[in-house]
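Visitor: So you can see what is in the structure, the chains are spelled out below.
Protein chains: 2
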Amino acid sequence: MAVLLQFDFPFPGPFGEEMTQALDGLAHSIAAEPGFLWKIWTENAAEQMAGGIYLFDTAESAAAYAQKHSERLAGFGITGIRAKTFAINEGLSKITRAPGC
Amino acid sequence: MAVLLQFDFPFPGPFGEEMTQALDGLAHSIAAEPGFLWKIWTENAAEQMAGGIYLFDTAESAAAYAQKHSERLAGFGITGIRAKTFAINEGLSKITRAPGC
Numbered sequence: 001m002a003v004l005l006q007f008d009f010p011f012p013g014p015f016g017e018e019m020t021q022a023l024d025g026l027a028h029s030i031a032a033e034p035g036f037l038w039k040i041w042t043e044n045a046a047e048q049m050a051g052g053i054y055l056f057d058t059a060e061s062a063a064a065y066a067q068k069h070s071e072r073l074a075g076f077g078i079t080g081i082r083a084k085t086f087a088i089n090e091g092l093s094k095i096t097r098a099p100g101c
Numbered sequence: 001m002a003v004l005l006q007f008d009f010p011f012p013g014p015f016g017e018e019m020t021q022a023l024d025g026l027a028h029s030i031a032a033e034p035g036f037l038w039k040i041w042t043e044n045a046a047e048q049m050a051g052g053i054y055l056f057d058t059a060e061s062a063a064a065y066a067q068k069h070s071e072r073l074a075g076f077g078i079t080g081i082r083a084k085t086f087a088i089n090e091g092l093s094k095i096t097r098a099p100g101c
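Protein sequences appear in the order of chains A and B.
Quick note on the working numbering: the first sequence kicks off at 1 and runs consecutively.
Quick note on the working numbering: the second sequence kicks off at 1 and runs consecutively.
Think of the hints as simulated: they come from the structure by calculation, not from any bench.
Do not take every clue at face value.
Pairs involving identical chains hold if they fit within one copy or between any two copies, as the list cannot separate such chains.
[To be verified] Subject to a maximum C-alpha distance of 27 Å in a straight line, what follows is the list of computed DSS-like cross-link-like pairs (lysine-lysine):
| id | residue 1 | residue 2 |
| --- | --- | --- |
| 1 | Lys-68 | Lys-84 |
| 2 | Lys-94 | Lys-84 |
| 3 | Lys-68 | Lys-94 |
Whole structure, please, built from the sequences with the hints as guidance.
Guide: In structure tokens form, the structure reads like this:
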């Protein structure tokens, strides 16, 4: 069953179009991760935060990616990383028109 | 521009199919909120957590819902509620096949 992985962390930028340019290569790399289905990239310039909402095909692939990505972010000097995994309640999500589940 | 709202909180259950049954009415109510676009319902029985990933059409509609839902959860006796709003980086999200953005 697919697993939702929720990441957020303090982030000094860049945000917006500059973020898109800076992380284009990383995005293509993430798109090729084992078990990866999709990621929504999140950012909040006012609160200096960023993160992502991911779907993976199994708990194992989500856990492997969470460890890899946490280590990569730490390598960028980022601290305060929060990573949580969840199952999706499909019945309720259908009622609320959830995409991609 | 659409705003992603990320909610999570300690939750004692019910989970899974029982959660679907118990919260069916709430889900239909949420689907009719002003500015609401979609919600993915998240749950983690092992860690006793639940939450949701929402998309709203404006920051104002997301903020109004976040306040209403936080008060509702508090009314259920839930504490430790975490609600964060983010913009979506659309360029990066397209590369990673994000749905519904």
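Visitor: Of all the hints numbered above, which does this structure not satisfy? Sort the numbers upward.
Guide: none
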